[in-house]
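Colleague: In order, the protein sequence lines correspond to chains C and E. Letter by letter, the first sequence follows residues 8 to 391 in this note's numbering. Letter by letter, the second sequence follows residues 2 to 292 in this note's numbering.
Treat the hints as calculated values from the structure; they're not laboratory data. In this text, a Cβ means the ideal position worked out from N, Cα and C, and glycines have one as well. Warning: the hint list may mix true and false statements.
[Stated by the list, open to error] Have a look at the derived ranges for each label pair, beta carbon to beta carbon:
no.	chain 1	residue 1	chain 2	residue 2	range
1	C	Gly385	E	Val60	17 to 25 Å
2	E	Thr95	C	Asp289	51 to 59 Å
3	C	Asp289	E	Thr165	58 to 66 Å
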Amino acid sequence: MHRRTFSAGLTAIVAATLIAVGSARAQEPIKVGAFLSVTGPAAFLGDPEQKTLEMYVEDINKGGGVLGRKLQLISYDDAGDAEKARTFAKRLIEQDKVDFILGGSTTGTTMAVVPLVEGAGVPFISMAGAVVIVEPAKKWVFKTPHTDRMACERIFEDMKGRKISKIGLISGAGGFDKSMRQECLNVAKKHGIDIVADESYGAQDTDMTAQLTKIRNAAGIQAVVNPGFGQGPAIVTKNFRQLGLQVPLYQSHGVASKQFIELAGPAAEGVRLPAAALLVADLLPDNDKQKPVVVGYKKAYEARFKSEVSTFGGHAYDALMIAVAAVKKAGSVDKAKVRDAIEATKGYVGTGGIVNMSATDHMGLDVSAFKMLEVKGGTWSIVK
Amino acid sequence: MSSQALQFLLTGMTVGSIYALVGLGFNLIYNASRVINFAQGEFVMIGGMATVSLIGHGVPMVAAVPLAIAGTTLVGAVLEKFAVEPARRASVVTLIIITIGASIFLRGLAQIVWDKKLHVLPAFTGDAPITLWGATILPQSLWVIGVSFLLVVGLRWFFARTLTGKAMLATANNRDAAQLVGINVRRILLLSFALSAALGAVGGILVAPITLTAYDIGTMIGLKGFAAAILGGLGSGMGAVVGGLALGIIESFGAGYLSSAYKDAIAFVIIMLVLFFMPHGLLGSRGADRV
Numbered sequence: 008m009h010r011r012t013f014s015a016g017l018t019a020i021v022a023a024t025l026i027a028v029g030s031a032r033a034q035e036p037i038k039v040g041a042f043l044s045v046t047g048p049a050a051f052l053g054d055p056e057q058k059t060l061e062m063y064v065e066d067i068n069k070g071g072g073v074l075g076r077k078l079q080l081i082s083y084d085d086a087g088d089a090e091k092a093r094t095f096a097k098r099l100i101e102q103d104k105v106d107f108i109l110g111g112s113t114t115g116t117t118m119a120v121v122p123l124v125e126g127a128g129v130p131f132i133s134m135a136g137a138v139v140i141v142e143p144a145k146k147w148v149f150k151t152p153h154t155d156r157m158a159c160e161r162i163f164e165d166m167k168g169r170k171i172s173k174i175g176l177i178s179g180a181g182g183f184d185k186s187m188r189q190e191c192l193n194v195a196k197k198h199g200i201d202i203v204a205d206e207s208y209g210a211q212d213t214d215m216t217a218q219l220t221k222i223r224n225a226a227g228i229q230a231v232v233n234p235g236f237g238q239g240p241a242i243v244t245k246n247f248r249q250l251g252l253q254v255p256l257y258q259s260h261g262v263a264s265k266q267f268i269e270l271a272g273p274a275a276e277g278v279r280l281p282a283a284a285l286l287v288a289d290l291l292p293d294n295d296k297q298k299p300v301v302v303g304y305k306k307a308y309e310a311r312f313k314s315e316v317s318t319f320g321g322h323a324y325d326a327l328m329i330a331v332a333a334v335k336k337a338g339s340v341d342k343a344k345v346r347d348a349i350e351a352t353k354g355y356v357g358t359g360g361i362v363n364m365s366a367t368d369h370m371g372l373d374v375s376a377f378k379m380l381e382v383k384g385g386t387w388s389i390v391k
Numbered sequence: 002m003s004s005q006a007l008q009f010l011l012t013g014m015t016v017g018s019i020y021a022l023v024g025l026g027f028n029l030i031y032n033a034s035r036v037i038n039f040a041q042g043e044f045v046m047i048g049g050m051a052t053v054s055l056i057g058h059g060v061p062m063v064a065a066v067p068l069a070i071a072g073t074t075l076v077g078a079v080l081e082k083f084a085v086e087p088a089r090r091a092s093v094v095t096l097i098i099i100t101i102g103a104s105i106f107l108r109g110l111a112q113i114v115w116d117k118k119l120h121v122l123p124a125f126t127g128d129a130p131i132t133l134w135g136a137t138i139l140p141q142s143l144w145v146i147g148v149s150f151l152l153v154v155g156l157r158w159f160f161a162r163t164l165t166g167k168a169m170l171a172t173a174n175n176r177d178a179a180q181l182v183g184i185n186v187r188r189i190l191l192l193s194f195a196l197s198a199a200l201g202a203v204g205g206i207l208v209a210p211i212t213l214t215a216y217d218i219g220t221m222i223g224l225k226g227f228a229a230a231i232l233g234g235l236g237s238g239m240g241a242v243v244g245g246l247a248l249g250i251i252e253s254f255g256a257g258y259l260s261s262a263y264k265d266a267i268a269f270v271i272i273m274l275v276l277f278f279m280p281h282g283l284l285g286s287r288g289a290d291r292v
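Chain C with its partners taken away, still in its complex shape (with noise of 0.2 Å):
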């Protein structure tokens, strides 16, 4: 008797204390790793990026978390330094044990921590744009932002409509502008288009009306296309328009912020450049699918930080989206379970468009997510 009782109590010990414990697991926040540039010659991609994680961590956890537990960010500033965003990357995964990574503002610190992540089996989605982070398709990562292919191929189809057929391409030095040329040129030829002349200038150029002059004299180009990001378009329209050339300037996606017409003033008219709703959220018909989602992240963020929103903080908003919808569709953070959700991810309407992965697309997005601009009257409008 006394024995028994003994037992009861000592089963009911080990019960609470299995509660106990159970319950303190589940008050343990996921770790949501990030690896951004925040400052460095890419700050304009991350520090929109690390803002809009912020504040929708907040915000999820304000509406009580995911799964019941809290999302504790961890975010690291990598300067646009490849060997640096490895080295951070490293540290999430074995110290930081975060449960997935989102980030990788550029192209060159991504594709960095692709080994690492591939290695340590952790889902990782990026928000950089070169076609080489998810083709071929990696087990581990994902991606957010269009591909720098989908954009050539948009300006290309629009070409098509305005009887374009040779054109001229002028990129940057960056990871991002040398993919975005090398896709221009791998699909140029399917959409019969050809390159005529293909200049390129420095990470900090501050000139390039001799790569224009060039370009100029090349016979017959009918249009030239600028794959690159930072203040060289800027520039490059300038220069574009101070030598007088006639033909169409395309930019790229890359330069889709307000900031490029402010920084080309009037010499931006007519440019025409290939982007995501989200840069024209009010412009967009009302029975757009993504216009509830593109205006409703707009319009928290420049109510929170009162700058304007830009496609690149978008990117941040998608992953971090696709990954807690992953998790909870998982019901857990076990690493491959989250990485198949992340994998069976369909119809999600994200400000880069409408996502659908499967085993080989880790993007999930097509064409139709661009919208081609032009800048008219120093404003942005959409070509019919």
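Fit chain E to the known structure of chain C by using the hints.
Modeller: Here is chain E on its own, set in the frame of chain C:
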């Protein structure tokens, strides 16, 4: 000359004038102290960013420009007073390292005081390009070239005709002797930092409408200015001008006729050749002592 070559020449001269201004700033400080001031590019950045920020606060351009120059001059003087002067007994290498630290500090400060975005200044006299024999040049480029020319002429006059200028020359020549004849060497050092900060600021403001400005433009422009100073001969005033223009024009022709991908490499390869075969540069005399 074909219009294409003329275009490359005009482009090269615009860019080269900026290199020359930065190179001059290097030389001023080098002469007074034998220190290579690696924060020179940051002066260029502060000049441009301060003007942008003042205009953003509603100050008219005509007032913003002198204010920004004055502010940058003050930064230069403060840098000398509180970072370089306390270490004046240290070796030149130590002082150079201090200026590298100062440049990183100033860049970080600019990031916090202002922001990380690119900015642009409105052109002084419009954006309509001027056509010359088939080549085009922006009115702002004429401003860059013209003002740089005036500054170079002004500096020559300053060193040849004013007592302070002569005192600076004397200090550059022989510091101990200058001190013996009653020149306040410490004041001269302060002055050289202030003056080269002002030069940098003018350059930064002039080019901001063309090249855009941001907190981190100082590094590259500082390196190119340094290259210009080396090419022309470290310590030689005319050398910096010749070096700067030559560098700008070579870069532009290199980008136009060879490969645009290796534009920066062309510049730096030339510097290495100069350092190997002509260590005193184009115009530097062996005992380089002229400003």
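Colleague: Please go over all the hints and tell whether each is borne out by the structure.
Modeller: Consistency of the hints with the structure:
A C-beta distance of roughly 23 Å is found between glycine 385 of chain C and valine 60 of chain E, which places it inside the suggested range of 17 to 25 Å. Evaluation of the 51 to 59 Å hint for threonine 95 of chain E and aspartate 289 of chain C yields a pass: the beta carbon distance comes to about 57 Å. Checked against the hint of 58 to 66 Å, the pair aspartate 289 of chain C and threonine 165 of chain E passes, with Cβ atoms roughly 60 Å apart.
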